[in-house]
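K.L.:
Using the hints, position chains B and C against chain A.
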Amino acid sequence: MMNSKRTLTGAAGHNGSYKWLILALVRALIVILCVMTAVFFLIRIVPGDPAKMILGEYSTPEALKNMHHTLGLDLSLWEQFIRFVKMLFTQGDTGNSIIVGTSSRELIVERAPVTLLLIGIASILAIVTALLLATVAATHKDKLLDHLIRIIPAITLGMPVFWVGILFILLFSVRLGWFPVGGISEGGLGTLHSLVLPAVTIAFSQIPTLVRSLRAQMLEVLESEFVVTLRAAGIPSRVILFKHVLRNSALPTLMLLGVNISYLIGGTLVVEQVFGIKGIGSLLFTSISNRDFPVIQGIALYCALAVVIISLLIEIISGWLDPRTKENQ
Amino acid sequence: MTTQPILEVESLTLAAKSQEKLVHNISFSLERGESLGLVGESGSGKSLTLRAILGLLPRGVEQTGGTIRSKVSSSMVFQDPRGALDPLCPVVKQLTEVVYYRQKTTHKAARTIALELLERLGLPDSLRTKDRYPGQLSGGQCQRVVIAMALACKPGILLCDEPTTALDVTVQQQIMDTITSLQRELGFAMVFVTHNLAIAANLCSRLVVMKQGRMIEHGETHRLLRQPAEAYTQMLIDSVLPLPELEGGRTSWN
Amino acid sequence: MNTTTHLDPSLPESGKTLSTLRQIGKTPSLLIGIIMFAILILLALFIPYLSPYQPSEQNLSAFLQPPSSAHWLGTDQLGRDLFTRLLYAARTDLTIMILAEIIPFCTGVMLGMISGYYGKWTDRIISLITDTFIAFPFYLIVIIVAFASGAGERGIYITFILVGWIVFARVVRGLSASFRKQEWIASAQTLGLPGIRIILRHLLPNVLPQAVVVLMTDMIGLLVAIVTLGYLGIGIAPPTPDWGTMISDGQPFITTAWWLSAVPGFAVVYTGIALSLLGDGLADIWRKK
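Protein chains in written order, with my numbering: chain A, 1 to 329; chain B, 1 to 254; chain C, 1 to 289.
Warning: the hint list may mix true and false statements.
What the hints assert, rightly or not - Cross-link-like lysine-lysine pairs, in silico, DSS-like; alpha carbons within 27 Å at most:
#1 A:K243 to B:K104
#2 B:K21 to B:K154
#3 A:K141 to C:K26
#4 B:K104 to B:K154
#5 C:K120 to A:K19
#6 C:K26 to B:K17
Don't read these hints as lab results, they were simulated from the structure.
Bound-form chain A, shown alone (with noise of 0.2 Å):
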């Protein structure tokens, strides 16, 4: 990640000062240009009949067929293509729900918002926590404190962030009462005290590699030669490290939260189904009981768009906040 990166910025001090954005523009465009290809066939290359999945076994050679038709399972292989990409370019959808028959793309907006609320809240709980945390272990290397904050990460690097969910539910809510212990309170705030435990959950399987990462970035920080020169001029250590430390911290990071954005909506998705929250998770698990493919199939698009969408955004944000990108005198 930090190598294409450096390779961008370099380019840039050479090239002109926006090459580095049309082609991660490019990149991103190709990418989801793929992304929609892979959604079409995600489930065309796995084996089985689709239209016997959704039916059962013993369903009539009728009904296949009409499943068949209903699904454009009939038409060719490039037929279908051509219809899948037209309706999304058209309607941005992948097909009506063959259960509820609403179009996916309404259903899944429909049930968006508590998984957006539930992701921002869980990534600023990680980052904040994690901030912390790799900045206490970077500044007292190979001491006590930050032993014990690398051990961390081996620990619960094997922890199924269902299961964290399962035992966060049992110490918190059934012991201690403080959170419901699952489904969603109405209202403004009651919404957001039963998200709490959920955010805390997966915040809690995202802080181990990002401590991991952001450690390793902070201490190459602290041991490049600028603190040694700010030091040596008399800068007041608080100072060093808020000021000069931090934010040349700042943009790495946020380069990771890049390449976690996609665990964390992954692991989202299993946890709401551990706290019953009825978000895009429970409508992916209910699609899939149901054998719901248009709906699936929106879900994985919309959610890989959201990967490359924000990605694309935080490579645009932090070459525009790096001044090293802006071109040279």
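P.N.:
Just chains B and C now, with coordinates in the frame of chain A:
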């Protein structure tokens, strides 16, 4: 010039945490306004000695013996000027910060002092109106900013760690001229680390030759160059003499 | 070949096995990792001889019992011995974990080397494929593919053949690209060796250590994914014992018999720690070389 030394290094010994000795038993002293050259190949412990005088040894290196006594404050100019500046902080702001904390002035006064310093060091006037990031300046300009930061501390001793090695040959001479004229003007003493004997000989009245962490020879520049006691020193001299044109023929010992 | 061997830093010297054994002794994290993992494997192998119970043996008169001398970890809602089930589940999950890594590891390392060694268009196409896959959140794609290819072991294997190679391809690609610039590769090229030979004889031994370290961490992720699929009901199907289904079976009894869900999770965490230590230890040894 007084005869009392302002810096005395006595049997300084530095070692890595792994017990490996990096610098053995180094001793020298420095008088007010004097320039001392530390010469030797890379890895001979010159830079570590400077860092020890500065009081900022790298992580994992400790002073295991000897004393460093200094009556005045010291500040340092580094080898890689780009690495020595925070890439995300504009240079005037960075220098102002140093002035603010070292000279205990108001922010506004600090900025004025910083701009004066930069002007004195020959940086473009346009910095007054538009601050720039280190990445937008040339290597030589960055080194001038680093020197300004060192001077903002009003040092009695300026420690120079190969300040010209990372720069183009033409820029090297300009930076050397700047440093010499500033020394004449401000009267600070200097410890100058380099692997280039020609530069050291030009600048310093006394030299210390180091090899693999040990001080193998020291003395007046003229004596040392005419009658080196050690084969290693002779080798260093020989490596420079065939190329007198490198320093514009100013090989003063001839 | 002999003309190039001395340039290749990875080729074995004599007495390598012995010094490797000595190094294992000197690297505590590796030693502890090996011991932890060996204990688990041995228990899983010998559980039929160690336990008087069968994994699916129900005993409805003794359900939801707390830990006791008869049932070390208590019993579940059907009166099955939790300890016995836990280790039979270890058999299932660890076997799948190891088998499911083989193909992704090989394809990933191979594609990574090809992509990094040849560069240019080969690299761009392979990178585009990895970028596309990475855009899909890992669990989303795992859930969808596992479901679409049918729940059960077969689904897990298909899923990881499809998505598991990416991690290795990315790491190995970076390594290969940096090795390509080094002199011993260039000297092999000037001798006119074909690309595939250089890749297999010279590049592979050099990227393998790093790839194996990544493999250890990736196995943890794979195990967690297998368990998660089991929990979600699209992984290993009951009555085959599996840590994931055990956790979900125990979830309704979380208030009365919390250990039903907690203990299988700790088994995953234990395996994770063992693999982490193994990976860290191996990385330490290879870094010193």
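K.L.:
For each hint, tell me whether it holds in the structure or not.
P.N.:
Do the hints match the structure? See the list:
no., hint, verdict
1, A:K243 to B:K104, "19 Å, holds"
2, B:K21 to B:K154, "33 Å, violated"
3, A:K141 to C:K26, "23 Å, holds"
4, B:K104 to B:K154, "12 Å, holds"
5, C:K120 to A:K19, "19 Å, holds"
6, C:K26 to B:K17, "19 Å, holds"
Violation of the numbered hints given earlier is confined to hint 2; every other hint is satisfied by the structure.
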